[in-house]
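Asker: Single-letter residue listing:
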Amino acid sequence: MADSIRVLIVDDEERFRDTLAKLLSRHGFTVRTAGGGNEALALLTEAPCDVIVLDVKMPGLSGQQALPLLRAACPEAEVLILTGHASVDIASAMIAGGAADYLLKPCPTDELEGAIRAVYDRRQATRPR
Amino acid sequence: MGLRVLAVDDEADFIETLVKRFTYRRIPVTAAANGPEALARLDREDFDVVILDMRMPGMDGLTVLQEIKKRHPLVEVIILTGHASVEAGMQGMSLGAYDYVLKPVDFGELLEKANKAYERKKLNESRDHS
Amino acid sequence: MNPATILENHRPPLWPHTLLAPLLAGAAVLLALAAPPVVGFALALFAGAVCIGSALTLARRVRSGERQLRELDKRLLQSQKLAAIGELSSGIAHEINNPLAIITQEIDLARELFGPSGCPDPADLAEVRDSLDQIGKQVERCRLITHKLLNFARKMEPVLQEEALEHVIEDMAILAEREAKGRGVAIVRAYDQTLPTVRTDVPLLRQVILNLLTNALAATPQGGTITLATRRSDDQIIIEVRDTGCGIPPENMAKIFNPFFTTKEPGKGTGLGLSLSHGIVTRLGGTLTAQSTPGHGATFTVALPL
Ligand SMILES: Nc1ncnc2c1ncn2[C@@H]1O[C@H](COP(=O)(O)OP(=O)(O)OP(=O)(O)O)[C@@H](O)[C@H]1O
Ligand SMILES: [Mg+2]
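Residue numbers (UniProt numbering), protein chains in the order written: chain A, 1 to 129; chain B, 1 to 130; chain C, 1 to 306.
Calculated directly from the structure, the hints in this document are not laboratory data.
Each hint should be verified, as a subset may be incorrect.
To be verified - Result set (DSBU-like, lysine-lysine): computed pairs, CA atoms no more than 35 Å apart in a straight line:
| id | chain 1 | residue 1 | chain 2 | residue 2 |
| --- | --- | --- | --- | --- |
| 1 | C | Lys255 | B | Lys70 |
| 2 | C | Lys264 | B | Lys70 |
| 3 | C | Lys268 | C | Lys255 |
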């Protein structure tokens with residue numbers, strides 16, 4: 001196995017992020033979780049990560065507000081938006097703001113995992129060594 | 001034809017007293033010990049106001065309320081219960097209960113509420129026919 | 001179609017009679033003074049005819065203008081409705097998709113724990129059971145949301161009854177009081193005893209009061225106070241629910257009545273309470289408003305016509 005992909009899950013729904021963390025860990029990812037944008041920023045100053053799975057609608061700092069801050073805090077991370085909010089406008093705005101992909105909840109775990117690996121591989125391919 | 005009451009509660013003593021007091025005022029009242037029995041009664045006979053407990057074994061009060069409103073939308077339901085929960089109160093009121101009353105309640109007040117609920121049913125009926 | 005084009009269609013022309021009429025009338029008056037009476041009389045008649053003609057044209061223009069305005073109104077309403085539906089659907093999608101996402105994951109996890117043999121490791125059984133419980137909880141959460149939504153869909157034509165206001169709200173106060181006591185919050189009543197009876201939909205108004213009391217309870221910490229006050233103001237009856245809780249920040253003030261706006265944790269509030277209440281009070285011919293000094297509590301005011 002190559003290096004384990006480091007994932008940071010940012011979602012205000014506690015049970016959601018805990019079970020997702022459990023599933024991803026079982027599948028070989030290294031996972032940390034945050035309940036909101038500010039907590040995520042704090043975690044990123046401790047250690048960087050490869051992929052950030054980011055919710056949009058959260059109390060406090062919303063996903064949209066957090067996106068540029070997270071990218072600034074950890075430029076090498078790819079951001080994958082995962083949200084129950086079905087707005088195409090927000091999706092395109094966030095992709096324009098540098099998010100790698102946008103997935104809609106509910107999303108089967110293998111699909112999400114596939115998307116995480118895909119954005120990670122893409123980053124590895126394009127990143128200057 | 002005046003107010004006809006159906007009282008639903010699994011507490012036998014409580015319901016017995018209630019029946020006595022309504023009867024004393026010459027108001028026709030029928031007792032049911034649980035939800036299914038109450039629903040069966042309502043299918044067979046006409047009632048105006050149901051006095052309903054929240055916590056009963058088997059079918060809980062909210063489900064009974066929902067069934068009553070589904071099958072007999074004009075029948076008014078007064079929830080009379082020892083179950084002091086704002087959450088249950090909100091659910092009960094939004095399912096169409098006329099009032100959510102905590103035990104113990106003064107019988108005179110309960111009667112007043114039942115009469116008001118009956119008045120509402122009559123208003124509703126006259127509008128439905130016009 | 002653009003509104004300007006509708007407005008310009010089929011409008012009777014204004015010119016020339018509307019200009020001609022006053023001119024001719026003026027001429028008739030002048031001539032009546034100078035010329036022989038017959039000429040003045042004939043001219044006056046002619047001017048009168050033109051006046052009537054232009055009045056008719058004006059009336060037709062006004063009528064057609066009104067028709068077009070109504071048409072515009074209808075379209076505007078339609079587009080507002082569409083915008084409201086859009087906002088509502090994205091709210092519903094979010095509120096239902098989140099529990100569905102949890103359910104999906106719990107199922108994936110449980111399947112995985114069952115393993116290829118179809119029999120979970122005894123060590124994992126508790127986790128499987130926990131997943132099942134969680135699925136049940138999330139289904140319940142969805143059910144609550146859809147039930148509240150059906151409440152919006154109900155016709156709920158108000159049934160108006162004469163009743164003493166205190167009789168309408170006191171049972172809700174008692175219910176909130178029982179719950180408040182357990183949390184060290186006091187409920188204070190400040191009822192105006194001289195109020196006349198109100199003519200309103202009693203159970204609908206109860207629903208509003210209970211909603212406001214529940215919100216106040218959620219916002220008020222131990223040791224706080226919730227005041228339920230009634231009073232009369234001109235031709236209105238006022239019901240106030242005041243609390244000493246956290247208050248509402250100004251940036252949220254405009255949003256609190258929107259369906260699905262909530263600051264509660266996911267699964268704790270659906271954000272439908274205030275929008276439902278607002279809808280009810282409006283249907284009762286009244287208004288529901290909020291004021292707050294953040295940090296010093298909030299006041300919700302129901303004003304009903306007498
Ligand atoms: N008394 C109050 N004090 C402070 N904030 C309030 C108060 N009442 C309402 N709010 C704010 O308005 C929001 C919307 O209230 P609303 O009743 O519509 O939804 P909710 O209480 O969050 O959820 P629900 O009523 O569906 O359980 C609340 O989440 C809260 O932020
Ligand atoms: Mg609420």
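Asker: For every hint, state whether the structure bears it out.
Answerer: Verification of the supplied hints:
1. About 34 Å separates the Cα atoms of C/Lys255 and B/Lys70, which keeps this hinted pair within 35 Å; it holds.
2. Of the pairs offered as hints, the one joining C/Lys264 and B/Lys70 holds, with about 32 Å between alpha carbons and a cut-off of 35 Å not exceeded.
3. At most 35 Å may separate the alpha-carbon atoms for a hinted pair to count; C/Lys268 and C/Lys255 meet this at roughly 18 Å.
Hint compliance for this structure: no hint is broken.
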